[in-house]
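Could you build the full structure based on these sequences and the hints that come with them?
These protein sequences, in sequence, are chains A and B.
If you're matching positions, the first sequence starts at 1 in the numbering used here and goes up one per residue.
If you're matching positions, the second sequence starts at 1 in the numbering used here and goes up one per residue.
The hints are all genuine.
Derived DEER-like restraints, expressed as beta-carbon distance ranges:
{"hint": "1", "chain 1": "B", "residue 1": "115", "chain 2": "A", "residue 2": "29", "range": "37 to 43 Å"}
{"hint": "2", "chain 1": "B", "residue 1": "54", "chain 2": "A", "residue 2": "109", "range": "45 to 51 Å"}
{"hint": "3", "chain 1": "A", "residue 1": "58", "chain 2": "B", "residue 2": "97", "range": "21 to 27 Å"}
{"hint": "4", "chain 1": "A", "residue 1": "2", "chain 2": "B", "residue 2": "84", "range": "15 to 21 Å"}
{"hint": "5", "chain 1": "A", "residue 1": "93", "chain 2": "B", "residue 2": "22", "range": "23 to 29 Å"}
{"hint": "6", "chain 1": "A", "residue 1": "109", "chain 2": "B", "residue 2": "70", "range": "43 to 49 Å"}
{"hint": "7", "chain 1": "B", "residue 1": "51", "chain 2": "A", "residue 2": "29", "range": "18 to 24 Å"}
{"hint": "8", "chain 1": "B", "residue 1": "60", "chain 2": "A", "residue 2": "9", "range": "21 to 27 Å"}
{"hint": "9", "chain 1": "A", "residue 1": "21", "chain 2": "B", "residue 2": "16", "range": "38 to 44 Å"}
{"hint": "10", "chain 1": "B", "residue 1": "113", "chain 2": "A", "residue 2": "2", "range": "24 to 30 Å"}
{"hint": "11", "chain 1": "B", "residue 1": "95", "chain 2": "A", "residue 2": "1", "range": "23 to 29 Å"}
{"hint": "12", "chain 1": "A", "residue 1": "59", "chain 2": "B", "residue 2": "52", "range": "37 to 43 Å"}
Don't read these hints as lab results, they were simulated from the structure.
Please read these numbers as outputs of a predicted model, since none were measured by experiment.
Even for Gly, the Cβ is constructed at its ideal location relative to N, Cα and C.
Here is what each chain is made of, one letter per residue.
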Amino acid sequence: QQPVQSPQAVILREGEDAVINCSSSKALYSVHWYRQKHGEAPVFLMILLKGGEQKGHEKISASFNEKKQQSSLYLTASQLSYSGTYFCGTEIRTDKLIFGTGTRLQVFP
Amino acid sequence: DVKVTQSSRYLVKRTGEKVFLECVQDMDHENMFWYRQDPGLGLRLIYFSYDVKMKEKGDIPEGYSVSREKKERFSLILESASTNQTSMYLCASSTWWSGRAREQFFGPGTRLTVL
Chain A
1 QQPVQSPQAV ILREGEDAVI NCSSSKALYS VHWYRQKHGE APVFLMILLK GGEQKGHEKI
61 SASFNEKKQQ SSLYLTASQL SYSGTYFCGT EIRTDKLIFG TGTRLQVFP
Chain B
1 DVKVTQSSRY LVKRTGEKVF LECVQDMDHE NMFWYRQDPG LGLRLIYFSY DVKMKEKGDI
61 PEGYSVSREK KERFSLILES ASTNQTSMYL CASSTWWSGR AREQFFGPGT RLTVL
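This is the structure in structure tokens:
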């Protein structure tokens with residue numbers, strides 16, 4: 001049931017773009033995205049509720065393909081502050097999330 | 001700002017000890033969750049609660065129990081700690097929105113080491 005995230009790790013230079021994917025084998029009500037910086041708690045980024053909907057947060061946006069049970073997180077013109085581990089959380093039933101194993105993103109100057 | 005606090009940042013216990021991890025949230029959230037985080041495994045749900053005195057098993061409940069006597073407080077109990085329960089434990093809370101769960105707010109975590 002745990003969603004699959006890819007890639008497992010990404011290394012970027014400042015200003016480069018990245019895409020993180022999240023794929024589930026189950027039908028989804030929604031997808032959540034969180035970022036966890038080293039030594040800190042995960043922090044909510046966005047929720048995607050409808051198929052094909054795109055949401056944005058600063059230069060981070062995401063899409064949700066309900067039919068394919070997939071979501072992608074797009075990081076544009078990455079900044080040093082984007083470094084951290086990104087988790088998708090999939091809502092299969094309405095009261096709990098199942099999180100992926102995470103994608104570690106490192107941005108270097 | 002929503003605040004979720006956990007009783008300890010670091011905890012060291014012996015095998016067989018009973019361990020209590022406490023979590024308190026100050027935003028009147030209905031839902032509370034306990035996760036454990038291990039390298040390469042992400043966040044795995046242990047137990048959750050969507051009301052006082054209500055609890056439901058998550059994906060890895062074995063070896064754990066929980067208690068929710070007050071809305072703001074959710075406790076995780078390790079009845080007899082074992083070395084394979086050495087992990088980072090994260091508490092989270094959320095509320096409802098149009099019948100659907102909203103974003104979760106996480107506490108800082110408790111790093112538990114069982115010797």
